[in-house]
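A.B. asks: The primary structure of each chain is shown beneath.
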Amino acid sequence: MSVESLEADHKSPPTGDRPLLRVERLRKHFELTKGILFSRTLGHIKAVDDVSFEIRAGETLGLVGESGCGKTTTSRMILNLETPTDGQVLLEDQPIHGLQGAALRAFRAKVQAVFQDPWSSLDPRMTVCRTIAESLIVNAWGDRASIAERVRELLLQVGLRPEQALQYPHEFSGGQRQRVALAAALASRPKLIVLDEPVSSLDVSIRAQMMNLLKDIQAQDNVAYLLVAHDLATVRHMADQTVVMYLGKIVEQAPTAVLFDDVRHPYTKALFSAVLLARPNREEEEIELAGEVPSPLNLPTGCRFHTRCPYVMPHCSQQEPALREVAPGHTVACHLFDGNGSAGFQPAPARSAGS
Amino acid sequence: MNGETILDVRDLHTHFFLRRGVVKAVDGVNLTLRRGEVLGLVGESGCGKSLTALSLMRLLPKSGARTVRGAVLLHGEDILLRTPAAMREIRGRRISMILQDPQTSLNPVFSIGDQLREAFLRRPRARLAEVMKAAVAALRRVDIAAPEQRVGQYPHQMSGGMKQRVVGAIAISGEPEVLIADEPTTALDATIQLQYLKLLKRLQRQNGMAILFITHDFGVVARMCDRVAVMYAGRIVECGPVRQIFEAPAHPYTRALIASVPKMNGAAGRLTTIEGQPPSLMDLPAGCRFAARCVHAEQRCREAYPGTFQVGEEHTADCWRLDPGVSITGCHPERSEGSSGNGVSVRERSLAALGMTSQR
Amino acid sequence: MTAVERPQADDLPVPVSTRRLWRALLWPGRGATGAPRTSRVPWVPIVIISVIVIMALFAPLLSPYSPIDQTLRDKLLPPAWMDGGSDKYFLGTDAFGRDILSRLIHGARVSLIVALLALTAGGGVGLVIGIVAGYVGGIVDSVLMRLVDAAFTFPAILFALLLAVTMGQGLGTLVIAISLLLWASFARVIRGEVLALRQRDFVALAKVRGCSALRIMLTHILPNVLNTFMVLVTLNIGVVIIAEASLSFLGAGIPPPTPTWGLMISEGRGRIADAWWVALIPGIAITLLVLSVNLFGDWLRDRLDPRLRQL
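Chains as they are written, first to last, in my numbering: chain X, 1 to 355; chain R, 356 to 715; chain C, 716 to 1026.
Hints are not guaranteed to be accurate.
Keeping only pairs whose Cα atoms sit at most 27 Å apart, straight-line, the calculated DSSO-like set for lysine-lysine is [claimed, not checked]: (1) R:Lys618 / X:Lys215; (2) C:Lys803 / C:Lys790; (3) R:Lys553 / R:Lys488; (4) X:Lys46 / C:Lys922; (5) X:Lys34 / X:Lys46; (6) R:Lys488 / R:Lys417; (7) X:Lys215 / C:Lys922; (8) R:Lys553 / R:Lys618; (9) R:Lys488 / R:Lys556.
It should be emphasised that the hints constitute simulated quantities derived from the structure, not laboratory data.
Using the sequences and the hints, build the whole thing.
C.D. replies: In structure tokens form, the structure reads like this:
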């Protein structure tokens, strides 16, 4: 990949209506097997089960959910670190799985990642410069001088000093390491960066810096983000669209502003209520969910949330609800909203997060 | 809610002795804990809050960390002077601790029942049959369903939230008066965290325990704590009732910290950040430790460490801008001597000095 | 309400019971307070190792006599400080009148060369197999690990003897035999490290940036297992020396008259009662070398382990 071709890609005319990334009916099932030579299948973990969404160029999609909901597995499939059991992922209308050789490298230059743990994201034996330059080196992007210059640019862009290029990761703090990881992700001028809990391991005051930086870079480089997070407040500050997942399925999806104003799905409501507002004595508004998260090996029948739902109806354990649009751009998978409203059951008024 | 003071920490200093120098991780901490209250200890990583907890329990890592100064008075008795054997008597019985990571808090090769029973067997005159029943009862008390079955299970068969509840059950099995919770919900999901915090609150009310709740999450503080102490670079910089801390934080660090947390309402634009880094604990500045990063810093701030000033009822902060000429030491709930009482409350004057009114 | 002043640090009682004192004396790793005595450079082992290395490097210059010249007239003379000893032969002579000291010095050279070659070959093979098995995983890992298991179950010394018989005695055979002893344990330990490394985020990120498996193994995995590899090497020097000595002792090593320490022990075996120095002196040399190398390896491991680096 020459300097010119990577640049040309970046400067290509905006694709207008077509979304940058399309995820269509993605499924990932893990098989649990026993035995080495003659393996027996013990069960399936349906980590991701029929997930679809789109990301437009330069936008941020927030993927929210608690542990076991499948958001990390989804993000790994988008990064082509896992192959889906079913469904497809399309980047600029090209399927991304099954690519080889030059086509795979081209894809990799366009989709990068920043992971949660700043301590494990950087190779401790490589200088920061070498880590940042990695995607450039792999793609034979240019000679040493031009790569060094690009690394300088990137360090400045993420707010670090270029003199630090030859230092090792252990000489940096957690927040600084995360910036290095971001610089490394930006090197190949990607169109999409998967951010998997990018600020959860950072100190509170450093989080704010990092989030501001991410937004600035998005504005400068027009890069799209897939933000995987468990913290709704972070998602609110960064994401244009929000998708809420539970046990492998999407339960609610909407533009962030819409969602935070009008929460529908009972799980999302509980999630919102569990976000402890930095305001004392708001206990009356809390929804406490009963019971534990079901084991992914033993998923509940029908709606996966029915075992903990405060609004559960008999119907819920029998049939899985489909995603239905309840407002423009706002879809929910819940029997409470089948056929425009209740089935003789009044849900509590939609809780506004701002109150 | 002025209960008696159970735990009184005075001028606690815990230092790490490394080859390169001395790390003053806890450098003059004063706290009081009263019966039945939850005191939050908030700060970012490296501020010394976990080490404060370990110092109170005298569980400091043997390699180089020592409490070099101060007193920890449990009902008036300085437990820092106890022999290790005497300390073991009260650890788990009168003062107990819950740690952050449920994965490592439980021994993976023993069943839950074994680990609970181990806690109960330490009591004097414990008989095996009673201990077995007590273990099941303890699980029921922390809202674990089907405790008779769970008692025989192993930690890996339980979820994080459940493990943390077992840890809680073990911690309160000795009916302690003081419970130190070091970030117990950081590793838990939001909805599980809420369940757990409610459980803790309920247990606390039932037992009349005092809880020292260590966290970096202001949301948790708002939900759980009656009073809050904010820690920075080894010292408490502000301490007061939770409502006051949130509505009218006096110390610039507290204000900046609260401002930098992304909120669920209000503008979703840029967040305010705190420039710079905390000072190295090996090389602390002479004056206020936040001065290098503080927008209000003056010459006085860099020269001498501020005294502790009264901001409101039971609300103190270490900041020169609050100086009306009166100072007390320690985060004590009593009023200071010499408050002026000329119509304008000390609090109003202090807040005015900081350029704030009592409205947020 | 002022804070009560407590006495300074040194006054706070640190109970140093007699138990602790004994422990400090007997247990080299910890001082009296129980805290580990960290990174105290092991000078004595380093000096001993250096002396032996110098002996090996400058053997022809240092040894007073040729190690293979026989002077039957002067056979079985005790060391110089004993009755009947002569100043000509400082450590005495063996049954063929060869100077023990010269043989010791030249033997050092052989032992160290064998150690170096065997460690390079065995360690190198083990390193590669460990990395490949650990990183690639799956069926490759299963097959390679079954090979490792087989290598462990095979009686190594027996196999070495077999090799000596079929391929003839000599340096090459010896090195191959000892390498076969080593590679499996290297492979297993390195594989363990690699399995842990594979979970770290930077490996996944390298993939995301387009690195091939080979590139990842070379540029990311290899440098990060080198620490462990170096420690394994130092800790196995002792094993190799003793293996060489054993094989020479059994007659499967370097053929005489080339002196090796193992061979010297073997030759002196029959005369332990009356000419004990012939066997004991090389025995002491081996003990000193292996002990020093082990202590040094322990210290190196403590130093290279980043968790202890803070202190």
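A.B. asks: For each hint, tell me whether it holds in the structure or not.
C.D. replies: Outcome of the hint check:
1. A threshold of 27 Å between alpha carbons decides the hint, and for Lys618 of chain R with Lys215 of chain X the separation of about 16 Å falls inside it, so the pair holds.
2. Distance hint between Lys803 of chain C and Lys790 of chain C is fulfilled; the C-alpha atoms sit about 12 Å from each other, no more than 27 Å.
3. Taking the CA atoms of Lys553 of chain R and Lys488 of chain R, the gap is near 25 Å; set against the 27 Å cutoff, the hint holds.
4. Annotation: proposed proximity of Lys46 of chain X to Lys922 of chain C holds, straight-line Cα distance about 25 Å (limit 27 Å).
5. The hinted pair formed by Lys34 of chain X and Lys46 of chain X meets the criterion: a straight-line CA distance of about 18 Å does not exceed 27 Å.
6. Between Lys488 of chain R and Lys417 of chain R the CA atoms are separated by roughly 37 Å; this puts the pair beyond 27 Å, and the hint is violated.
7. For the given pair, Lys215 of chain X sits about 26 Å from Lys922 of chain C by alpha-carbon distance, which is consistent with the 27 Å threshold.
8. Between Lys553 of chain R and Lys618 of chain R the CA atoms are separated by roughly 22 Å; this keeps the pair inside 27 Å, and the hint holds.
9. Distance restraint check for Lys488 of chain R and Lys556 of chain R: the Cα-Cα separation of roughly 24 Å lies within the 27 Å cut-off, and the hinted pair is therefore satisfied.
Checked against the numbered hints given earlier, this structure breaks only hint 6.
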